[in-house]
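Chemist: Below are the chains, spelled out letter by letter.
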Amino acid sequence: MLPKIIYTAKILCYTFNTKDPILTRGEDMIKKEMIAMLLAGGQGSRLGVLTSGVAKPAVAFGGKYRIIDFPLSNCINSGIDTVGVLTQYQPLLLNKHIGIGIPWDLDRNNGGVTVLPPYEKSDDSQWYTGTANAIYQNLRYMESYNPDYVLILSGDHIYKMDYEVMLEFHKENHADITLATMPVPLEEASRFGVVIADQDKKVLEFEEKPEHPGSNLASMGIYIFSWNILKEALLSMKSQHNCDFGKHIIPYCHNKNDRIFAFEYDGYWKDVGTLGSYWEANMELIDLIPEFNLYEEYWKIYTKSDIIEPQYLSSEAVVERSIVGEGTDIYGEVYNSVIGPGVYIGKNTIIRDSIIMRDTYIGDNVSINKAIIADNCKIGDDAVLGDGDEKPSRLNEKVYEFGLVTLGEDSVIPKGVKIGKNTAISGNTDMSDYDNNVLESGGYIIKAGEKL
Amino acid sequence: MKALGIILAGGNSNRMKELSKRRAVPAMPIAGSFRCIDFALSNMTNSHIQRVAVIAQYNAGSITRYLSSSKWWDFGRKQGGLYTFTPTITSDNNWWYRGTADAMYQNIEFLTRCHEPYVIISDGDCIYKLDYNKILDYHVSKKADITVVCKQMPQGEDLSRFGVIRMDDNDRIYEYEEKPMLPNSNIISAGIYVLRRRQLIEMLEKCSEEGRSDFVTDILVRYKNAKQMYGYMLNSYWSNIATIDSYYKTNMDFLQANVRKEFFKDYPKIYSKIDDLPPAKYNTGSDVRNSLITSGCIINSKVENSVLFKKVFVGKNCVIKNSIILNDVYIGDNTHIENCIVESKGTLKANTLYSGENGITVVQERNTRYNI
Chain A
1 MLPKIIYTAK ILCYTFNTKD PILTRGEDMI KKEMIAMLLA GGQGSRLGVL TSGVAKPAVA
61 FGGKYRIIDF PLSNCINSGI DTVGVLTQYQ PLLLNKHIGI GIPWDLDRNN GGVTVLPPYE
121 KSDDSQWYTG TANAIYQNLR YMESYNPDYV LILSGDHIYK MDYEVMLEFH KENHADITLA
181 TMPVPLEEAS RFGVVIADQD KKVLEFEEKP EHPGSNLASM GIYIFSWNIL KEALLSMKSQ
241 HNCDFGKHII PYCHNKNDRI FAFEYDGYWK DVGTLGSYWE ANMELIDLIP EFNLYEEYWK
301 IYTKSDIIEP QYLSSEAVVE RSIVGEGTDI YGEVYNSVIG PGVYIGKNTI IRDSIIMRDT
361 YIGDNVSINK AIIADNCKIG DDAVLGDGDE KPSRLNEKVY EFGLVTLGED SVIPKGVKIG
421 KNTAISGNTD MSDYDNNVLE SGGYIIKAGE KL
Chain B
1001 MKALGIILAG GNSNRMKELS KRRAVPAMPI AGSFRCIDFA LSNMTNSHIQ RVAVIAQYNA
1061 GSITRYLSSS KWWDFGRKQG GLYTFTPTIT SDNNWWYRGT ADAMYQNIEF LTRCHEPYVI
1121 ISDGDCIYKL DYNKILDYHV SKKADITVVC KQMPQGEDLS RFGVIRMDDN DRIYEYEEKP
1181 MLPNSNIISA GIYVLRRRQL IEMLEKCSEE GRSDFVTDIL VRYKNAKQMY GYMLNSYWSN
1241 IATIDSYYKT NMDFLQANVR KEFFKDYPKI YSKIDDLPPA KYNTGSDVRN SLITSGCIIN
1301 SKVENSVLFK KVFVGKNCVI KNSIILNDVY IGDNTHIENC IVESKGTLKA NTLYSGENGI
1361 TVVQERNTRY NI
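Just so you know, the sequences run in chain order A and B.
Here our numbering is used: the first residue of the first sequence is 1, the next is one more, and so on.
Here our numbering is used: the first residue of the second sequence is 1001, the next is one more, and so on.
Bear in mind the hints are in silico, worked out from the structure with no lab data behind them.
Every clue listed holds true.
When the alpha-carbon atoms are kept at most 30 Å apart in a straight line, the in silico DSS-like pairs for lysine-lysine are as follows:
hint, chain 1, residue 1, chain 2, residue 2
1, A, K347, B, K1316
2, B, K1345, A, K160
3, A, K238, A, K32
4, A, K96, B, K1071
5, A, K202, A, K171
6, B, K1273, A, K160
7, B, K1316, B, K1345
8, B, K1078, A, K32
9, B, K1302, B, K1249
10, A, K304, B, K1345
11, A, K304, B, K1265
12, B, K1249, A, K347
13, B, K1129, B, K1017
14, B, K1269, A, K300
15, B, K1269, A, K96
16, B, K1273, A, K304
17, B, K1302, A, K370
18, A, K415, B, K1265
19, A, K201, A, K270
20, B, K1269, A, K347
21, B, K1078, A, K31
22, A, K247, A, K209
23, A, K300, B, K1265
24, B, K1261, A, K378
25, A, K300, B, K1302
26, A, K96, B, K1129
27, B, K1273, B, K1071
28, B, K1129, A, K304
29, A, K347, B, K1321
30, A, K300, B, K1349
31, B, K1273, A, K96
32, B, K1143, B, K1206
Facing chain B, according to a computed beta carbon distance under 10 Å, are these residues of chain A, among others:
hint, residue
33, I286
34, P290
35, L313
36, S315
37, S322
38, E326
39, G327
40, D329
These figures come from a predicted structure and were not determined experimentally.
Backbone N, C-alpha and C fix where the C-beta goes; we use that ideal spot for every residue, glycine too.
Please model the complete structure; the sequences and the hints are all you need to start from.
Modeler: This is the structure in structure tokens:
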């Protein structure tokens, strides 16, 4: 009898001694060295009608991709298999695109991709009011992976970057925060957060969008935080209104003398925030050997591919200096353009210097010059886009410039109309929307979505 | 779905010559971005068949490599799944698969352990699009023991490599000749069969007892009058890849708008393994006419009436005519290619001429590749 009693007593000891390894989770707990938080909730209002129905990270880029494919592919190529994607503005297409992360191999038993929308709480429910506020609202998500480092990314840049190299830099310097930076022309530096660093790349000064920048080293909006530093900063700044990394968190950490380092990146990086830069970045892909090369073997960009068939070029087709996506049928002529998957281009149609996104149908005898045409549009026969002289846009001069014609998704252009430059069209338009079949340069027709 | 699927992907075809050296026919690339077996697999998944077995033997590695993940065809499920069977040594068998019936008999446990009442058997080297539910409905309505999908071939076609069938007015098959020298009908078997699972197990067991091994000659031909065997006429596109000519012709068929519409545009779609290649790129000097171009291609010159598969690089001042260029081929400058099939992963030197005379030539070039 005696041994049994001792045994029972031992079990009781185990049960009540909370320090015992059986009862604390300790080493068995999920552990990820670095997880990524991808901010994908932005509207990107300077992309005009392109983002009236979709979030900027879900806008198509480079024929078959969407902008968010670049940071997501960078993550998996850098060995990061746990990514939280923070969504807010128009998330439907984004959610569909990401799904469970299969294209990026982010469908994991442990980790993988998680879409994190704003949610209701028992008190103080709010939208994501700023970049840091959005991360703050997902502290529990990050905590569940018990990370050493957290990588903060934004979902609207085109670049290839090995975050592992940046993490090595972070560790070598025993940094608390590492900012990815790159040199930009001094006159443009005032659009960015500007960093002044010493020889060892330790950040001496950080200014968000300064009027008179003291350096040309711009912050790319990519940060590695040591987890305890991030958590402490987010909790201390939680009542800050519109809490933002560049405006609040970095200055806060800088003031309390955290070790902040600037990691210098020297590859291709493009902020496709305006229609002009978006158009330009697409056009750069057409160059004989593009600066941003999608054809490299060792750093693939992954995307959801639901159209896989080959493209067909008919006997009358001419395609030069262009890239063309899967399943597209071309019967007309295409020069200097980026054509997405599943597009149809009719006979005698001529397309120059344009971006045509997926599943768009373009009829016969159409002429398109310098246009950005979003997903799933229909353009009737004999229409002319990008005609006449440039005039400033009457809708928004700062958005619709560079002489571009911009069509939002699901737009319909009736047969035979003429559309000028710096124009914007969104929605199903018919003849009655046009004056004598003409939309003058600088004009707009918005029948769907918001006027941006 | 009330059926399970079996795809026969084991055989070799000597008439594919060099092309079948490195792969089995079901793993042959087709129409730019597909492989032969994609069509049978996609038909199965689109017909809501959840449990599919692929039986491989000749160059089985090419098939198992291609089927390394079943998620592209949506078979990665808790219910059912995709099974690949290759010959194996067990305590009571150490033979290779001696024929299609033997191959199924050696995996009879797969059949006995399932609960689906019907089995759909398809060849893995046929290009077609078909909802198997239609045949199953036909099979049930005819109270058939076996239904064979049939295809009417054009007059004058050489049918000596097919099973030739004659049916009565009620579509009952009363004559079935395998690979006859002198066919007396132009209706052939399309290599797609439906029968009850119990029936199949019984036939396979009997077949094995008698030491027979082929599903067509030892089962279908012998049972044609003993069992209720009906033919289902297939009216859509169907092609079998067994010879170099049929392979060339099938690829070229995809240059026709109606074939492309049927396979590429009409619902449901054909699925394939995703390679994550960038869009095709046309540089200055490219002049592509009546051709299929697949993603990952970079083109700098003239291409006419041809099918370019994935990741083909065409240098400057080349002429490619009436040819098929398989995956990952590099073509140097000033090269002229006409009536050829260029084997995959080849590297063609600049300033060379390849021309198929009296038919199609298969080009295999393994030069060192420097750029890209």
